Amino acid sequence: MHRPVSRRTLLQAAAAGALVNVLPIGRSGWAATAGVAGPKLVVVFLRGAVDGLNVVVPHGERAYYDERPHIAIPRQGGENGVIDLDGHFGLHPALRPMQALWRDGSLAFVHACGSPDTTRSHFDAQDYMESGTPGLKTTPDGWLNRVVAELPGPHGPTDALGLGPTLPRILTGRMPVAMLPLGRGAARPMAIDRPEVAANFDRLYAGDDSMSRAYQEGRTARSKLVVEMADEMKAADNGAPPPDGFSNDTERLARLMSQDHSIRIAFLALGGWDTHVNQGSAQGQLANHLKPLADGLAAFAQAMGPAWHETVVLVISEFGRTMRENGNGGTDHGHGNVMWVMGGPVRGGKVYGPWPGLGSAALYQGRDLAVTTDFRHPIAAVLERHFRLTDTQLAKVFPAMPKPSSDLGVMLKA
Amino acid sequence: MPKPTTKYPAYILPAAKHLAAAIIIAAGIAEAALPQPAMAAEPSVASTATLAPETKALHVLNRLGYGPRPGDVQRVAAMGVERYIDQQLHPAGIPEPDTLKREIASYETLRMQPVDLFHTYGPMRRGQFGKPTPEDLKARREEARIIVEQAVEARLHRALESPRQLQEVMVDFWFNHFNVFAGKGLDHLWVGAYEEEAIRPHALGRFRDLLEATARHPAMEFYLDNWENTAPGSPGARGDKDGLNENYARELMELHTLGVDGGYTQADVISLARILTGWGIGGGGRFGRNNPQDHNDGGFVFDPNRHDFSTKQFLGRTIGGRGMAEGEEALDVLARSPVTAKHLSFQLAQYFVADQPDPALVDRLSKRWLETDGNISEILRTLFSSPEFWSPKVVGAKFKTPYQFVVSAVRASGIEVRNVRPMVGMLAQLGQPLYGCQTPDGYKNTREAWLSPDAMTRRLSFATAIGSGRVPFGRPEPENMRVNVKKPEAMARMAPDEANNDRPGDPVDPGPLMASYKAVLSPQTKAAYGVAAPQLRAATLLGSPEFMQQ
Numbered sequence: 001m002h003r004p005v006s007r008r009t010l011l012q013a014a015a016a017g018a019l020v021n022v023l024p025i026g027r028s029g030w031a032a033t034a035g036v037a038g039p040k041l042v043v044v045f046l047r048g049a050v051d052g053l054n055v056v057v058p059h060g061e062r063a064y065y066d067e068r069p070h071i072a073i074p075r076q077g078g079e080n081g082v083i084d085l086d087g088h089f090g091l092h093p094a095l096r097p098m099q100a101l102w103r104d105g106s107l108a109f110v111h112a113c114g115s116p117d118t119t120r121s122h123f124d125a126q127d128y129m130e131s132g133t134p135g136l137k138t139t140p141d142g143w144l145n146r147v148v149a150e151l152p153g154p155h156g157p158t159d160a161l162g163l164g165p166t167l168p169r170i171l172t173g174r175m176p177v178a179m180l181p182l183g184r185g186a187a188r189p190m191a192i193d194r195p196e197v198a199a200n201f202d203r204l205y206a207g208d209d210s211m212s213r214a215y216q217e218g219r220t221a222r223s224k225l226v227v228e229m230a231d232e233m234k235a236a237d238n239g240a241p242p243p244d245g246f247s248n249d250t251e252r253l254a255r256l257m258s259q260d261h262s263i264r265i266a267f268l269a270l271g272g273w274d275t276h277v278n279q280g281s282a283q284g285q286l287a288n289h290l291k292p293l294a295d296g297l298a299a300f301a302q303a304m305g306p307a308w309h310e311t312v313v314l315v316i317s318e319f320g321r322t323m324r325e326n327g328n329g330g331t332d333h334g335h336g337n338v339m340w341v342m343g344g345p346v347r348g349g350k351v352y353g354p355w356p357g358l359g360s361a362a363l364y365q366g367r368d369l370a371v372t373t374d375f376r377h378p379i380a381a382v383l384e385r386h387f388r389l390t391d392t393q394l395a396k397v398f399p400a401m402p403k404p405s406s407d408l409g410v411m412l413k414a
Numbered sequence: 001m002p003k004p005t006t007k008y009p010a011y012i013l014p015a016a017k018h019l020a021a022a023i024i025i026a027a028g029i030a031e032a033a034l035p036q037p038a039m040a041a042e043p044s045v046a047s048t049a050t051l052a053p054e055t056k057a058l059h060v061l062n063r064l065g066y067g068p069r070p071g072d073v074q075r076v077a078a079m080g081v082e083r084y085i086d087q088q089l090h091p092a093g094i095p096e097p098d099t100l101k102r103e104i105a106s107y108e109t110l111r112m113q114p115v116d117l118f119h120t121y122g123p124m125r126r127g128q129f130g131k132p133t134p135e136d137l138k139a140r141r142e143e144a145r146i147i148v149e150q151a152v153e154a155r156l157h158r159a160l161e162s163p164r165q166l167q168e169v170m171v172d173f174w175f176n177h178f179n180v181f182a183g184k185g186l187d188h189l190w191v192g193a194y195e196e197e198a199i200r201p202h203a204l205g206r207f208r209d210l211l212e213a214t215a216r217h218p219a220m221e222f223y224l225d226n227w228e229n230t231a232p233g234s235p236g237a238r239g240d241k242d243g244l245n246e247n248y249a250r251e252l253m254e255l256h257t258l259g260v261d262g263g264y265t266q267a268d269v270i271s272l273a274r275i276l277t278g279w280g281i282g283g284g285g286r287f288g289r290n291n292p293q294d295h296n297d298g299g300f301v302f303d304p305n306r307h308d309f310s311t312k313q314f315l316g317r318t319i320g321g322r323g324m325a326e327g328e329e330a331l332d333v334l335a336r337s338p339v340t341a342k343h344l345s346f347q348l349a350q351y352f353v354a355d356q357p358d359p360a361l362v363d364r365l366s367k368r369w370l371e372t373d374g375n376i377s378e379i380l381r382t383l384f385s386s387p388e389f390w391s392p393k394v395v396g397a398k399f400k401t402p403y404q405f406v407v408s409a410v411r412a413s414g415i416e417v418r419n420v421r422p423m424v425g426m427l428a429q430l431g432q433p434l435y436g437c438q439t440p441d442g443y444k445n446t447r448e449a450w451l452s453p454d455a456m457t458r459r460l461s462f463a464t465a466i467g468s469g470r471v472p473f474g475r476p477e478p479e480n481m482r483v484n485v486k487k488p489e490a491m492a493r494m495a496p497d498e499a500n501n502d503r504p505g506d507p508v509d510p511g512p513l514m515a516s517y518k519a520v521l522s523p524q525t526k527a528a529y530g531v532a533a534p535q536l537r538a539a540t541l542l543g544s545p546e547f548m549q550q
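So the sequences go chain by chain: C and S. Numbering follows the numbering used here, with no gaps: position 71 of the first sequence is 71. Numbering follows the numbering used here, with no gaps: position 232 of the second sequence is 232.
With the rest of the complex left out, here is chain S:
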């Protein structure tokens, strides 16, 4: 992008005159020179010897996780990044702290099945006392808020505290890839279950399993309307379910698998919609409490009475009408397509390496994808040992998403979080509320999407609030501060409030932060750190360019 041609008056840079002085001071306090630029990258981790061990450690902590907590950089530098990567690819072998396990165990709605969630928290129906009153319904909706709240709390506590960092990153990556919006209809009941049942077990597993799990889950069936997708004129067609709905079929190809340029036509969209007629939610959305099949299939049901049994032409092949097996065949075709391999490889490379990933890397990843039949951890292994991942042009150069920024700032500060609501508020203010992305394409992860003047002033204000100890992470918030993804403005009010700074806590100790980041800090950052007031030192590091990027 060309630079602005606009010239600003000098007053827009009021601090320029201070800068020269700051740099002179810096000369006295600079602790170490910047790492030397590495030589041209070679195709193995071993050849990255030109990067300092702490720089390499910080790189894997940033990219495979949500950045270092105090002591992490030194620990990973000592054990070696290869071993760290290997451990992260096998999360089952990494013990989780008891405190986290207890925390997660306390969120009972995470362990509930979609059917039970519907019966316990879903819309009330006429019961033995007649029709529920509007007050009853409102009370029920209020009670149901606990589901999204527990999902949010579990997600943030795991991102902050789990040593299985890559697993947490991949849960977020795949949730975002197969996004559902908690604010759409019944999805507030199922968003936590969706992450637990459909995403988490497969986050480092096989793509085909992940695809199937999302396709069957009531959260996805509802979000993209496939639960109503019905063959016109079929025996089960009636009411709102009497015709085709292309929504899921289209996004399944455009977003989940082939990609928008994946070579399919509108005719393929219609064929896939017909193939998927009858895939839906147990009991047609009104779960039969006594139907054990609903429970066994996690709320998924295939209704042959609404299925189109005719023969379809799909992506140049003939799919004989035979019921649910057609959908399985279509998912096989989509999951194994080289076009899908390429689309997903691009997305992984964009997330983990660079906004515009090297096409050679994408090609190697898609080759690995096809060789391993979409084995996600094997593809990631290839990615993490690629020269592109270790290129000095890439290390420290990816602009963090709001989620990465907020989580990493709290981790780096070593803050023990008992109350995640300030983080919920920050994410809403920065435009990335958890479970709050309305559109099925999920949140972007590029600099272009997130870097803006407002984002900078806001991030720096949060860095200041966190670093100077003004955020009530340790205190419970009033009960009336509820998470409601339909009202991001209301959620944004949970963010630290500058106007309400009458209860400042202790500033974050900048020592461990400096120890984590000193290998990568520029002379300017060290200079600014050197002249910052003591209560703003941690904030200076959390707001530095080296912290905005990873």
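So that you can see chain C by itself, here it is in the shape it has in the complex:
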């Protein structure tokens, strides 16, 4: 049975004095502390290493077609052809929903982007991209958590929101992070929402140890999000449970973020990109994953409404894949990849970053797209222009980051 607690019910109960413990604060209380609209950042991690050469396709390169006889995206137009962007690059046809954002100038890419660390291990590469310290495994926290610490106060438990069941590495750190479950279960009531249950555990977790802190943050975030979720789900679905799926999650996130300006950072991850076998071309496995991604991102942009003008979305992945297709109609672990930079503040409609080319001599170790842009540089540019972080603050987010060879600040409007 699905029976979300409506905000009205909760507030009525609260007025009757029954819910004082479970809901110490209403939405209006938060609105007061949450402050006014301001810059927001959403990071989407494609776990498993998406094949960037089939996402933003270098259709102007002959080598691309020579080395990918079965999986290249055809150059001719039409439904199964590459969607031309600038005469040299083009979009995978499954990304058609992104075309409008490209045209209106709120979508850009940085190609041949990646980590200076050359590991081809998913786990290490993700770890480095999330810690923000390539090559250094001992970094205890994630760069996105360090960003939260550098944002102006006051800070609250929903400054940063992660979607999914577990705290990802990128959000790990000293600043509190709220996790929001995915899918239909997100707003289901839990026993902890009942005041007598909450009071019981409040006694056990009143301290300053790691479990107590997590508990206190969880209770506060839950009190707040349950009300907002119940509200927006009712509005969005007229009572019917929404379907599971990425679009649904991104739309829900957009409605939360556009209403509640205390959420300044959000993170979500999508898997299924490790296409060693039968990757497909215009259609097939990769296309089947790109389509919901594009739908979800387009739905997010739409649902943000006016807040889209102050939101930047980054789509990242741990490394790219081999330039040549392998013996199984797939691609193996490679190096350089493409990063997506979207949002109102973005100066889009352009593929940024020096393009190294796909000739044998240009490839990294003769097999992979080379990295010409350190993944930290576009992120740092966003943090600098969008959140107005100073050089000192950037050095805390990305310690030991080398100086960029070109100014990527141009990716953002002034």
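To be clear, the hints were calculated from the coordinates, so they are not data collected in a lab. Do not take every clue at face value.
[As the list claims (entries may be wrong)] According to the in silico footprint, chain S covers these stretches of chain C (three or more CB under 8 Å from chain S): (1) 120-133; (2) 171-182; (3) 197-203; (4) 275-282; (5) 320-329.
[As the list claims (entries may be wrong)] Simulated pairs of lysine to any residue, SDA-like, Cα-Cα distance not exceeding 20 Å: (6) S:LYS393 with C:LYS403; (7) S:LYS444 with C:THR138; (8) S:LYS444 with C:SER210; (9) S:LYS184 with C:ASN288; (10) C:LYS403 with C:PRO354; (11) S:LYS444 with C:PRO404; (12) S:LYS444 with C:MET211; (13) S:LYS444 with C:SER121; (14) S:LYS444 with C:GLY271; (15) S:LYS184 with C:GLN285; (16) S:LYS487 with C:ALA269; (17) S:LYS444 with C:ALA269; (18) S:LYS138 with S:GLU149; (19) S:LYS486 with C:ARG47; (20) C:LYS137 with S:ARG447; (21) C:LYS137 with S:PHE346; (22) S:LYS487 with C:GLY272.
All figures in this text were calculated on a predicted structure; none of them were measured in a lab. All C-beta atoms, glycine included, are put in the ideal place defined by N, C-alpha and C.
Fit chain S to the supplied structure of chain C, relying on the hints for placement.
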């Protein structure tokens, strides 16, 4: 990790004002003081005399198993932890209850070989009535769900009810170490067989045997793509199988043996991939029904026509091209490497002792590993008698994984489980669905990985549902609630539903729970227990810090 510098308004701690009152009440009901901190640890179990016998018993029940069932702490305290450890290291000598044996015997797909599973439940091919219709194929996929369901049920019933607790812990540990994802292609057919045939028989045996069994199993061959790994230009190269696939070779070194810093290079990865060309699934994935060799080898086949017979340089040695024996030689090299000994010793110490295990312990375990040629039960014996395992800093300090939390909560409550689906749902909601880890590194077991605000509120909600008797463990669920690891959100809906609390059962009797845990409870927990409403007493213990950790 530094503490948060953020200051929260007082309203975030609405219960703070109740706390003082609770502590005053506590003074009246506290049954015993906390155990005194033990003295500096000495290198033998005997020197842990400073820990109360019940504390020691709880420690081994928690770490070698999934926590106590009612009466276990008293029983193990009476027999002594040394004897308990010794018994657990020899599981064959521990009789299993008939009820469990009958339960396991009823899961017929667990006893089926990969080849038979493929023929009975795998994708249909053109038969005498022509091409199967989409409806036929869908019906076949629905039927095949029974395999993962039976694997899940068997796994959970054994974890809950088997007295061979360490064996069950090691099955989970090794499955996770050699993880395969039931949601990848044909692996839904083989995940149960993989655990039964490749993992379980070797869980306390020799690492080299375990490595071989996983390398040959169709579940692993498929999951990490080695079944398609083919020497380019070889006589058997065609279709999708016409080139190298490095996936398994890389993970075999990075995850299964040497570890990511194990000193191998990309050239070694390619060499190992070439060495393993031709290792695959019987009949090239299309099992020949009449080929007895497929059956004999459990679905494994070596195809010399796709093998690279050239000489390879691998980890600084020359491996002469001669077929399947090259792969055996590579597995020997990897299994006997001191780097592997160290990597696996670290993992065992992290699982059984602490998130950041003492390097001295890891060194002693790797020494034992090399002395015994990777004899797992001998290495564990060393671990369980180490001072680090018994250090007061370690006892009760490891944050449970969702799996450990859920299984231990049901065990501690003494609930007889006929329906495991609520547990399946809880595991999915907590982010650790059984057979549902997509990536080959398996689930982590550290506090950092699992402790989060959402995890706390969710665990406490489950503790409340279990303790107050609201979980339908005794009732069968509707047929349409199927286990589907590809849809964790759908599985999560099997968890107890707070909105649907119209059929509460009897609350769990908190008495036996208190008896199991009272030696380790803090004054705060005893105080909270003392003031909790009667139907929330068991929930209070199941949700206490002493239960979140082990």
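Verification of the supplied hints:
| no. | hint | verdict |
| --- | --- | --- |
| 1 | 120-133 | holds (count 5) |
| 2 | 171-182 | holds (count 11) |
| 3 | 197-203 | holds (count 7) |
| 4 | 275-282 | holds (count 3) |
| 5 | 320-329 | holds (count 4) |
| 6 | S:LYS393 with C:LYS403 | violated (44 Å) |
| 7 | S:LYS444 with C:THR138 | holds (17 Å) |
| 8 | S:LYS444 with C:SER210 | holds (18 Å) |
| 9 | S:LYS184 with C:ASN288 | holds (15 Å) |
| 10 | C:LYS403 with C:PRO354 | holds (16 Å) |
| 11 | S:LYS444 with C:PRO404 | violated (35 Å) |
| 12 | S:LYS444 with C:MET211 | holds (18 Å) |
| 13 | S:LYS444 with C:SER121 | holds (17 Å) |
| 14 | S:LYS444 with C:GLY271 | holds (18 Å) |
| 15 | S:LYS184 with C:GLN285 | holds (13 Å) |
| 16 | S:LYS487 with C:ALA269 | holds (15 Å) |
| 17 | S:LYS444 with C:ALA269 | holds (18 Å) |
| 18 | S:LYS138 with S:GLU149 | holds (17 Å) |
| 19 | S:LYS486 with C:ARG47 | holds (16 Å) |
| 20 | C:LYS137 with S:ARG447 | holds (17 Å) |
| 21 | C:LYS137 with S:PHE346 | holds (16 Å) |
| 22 | S:LYS487 with C:GLY272 | holds (13 Å) |
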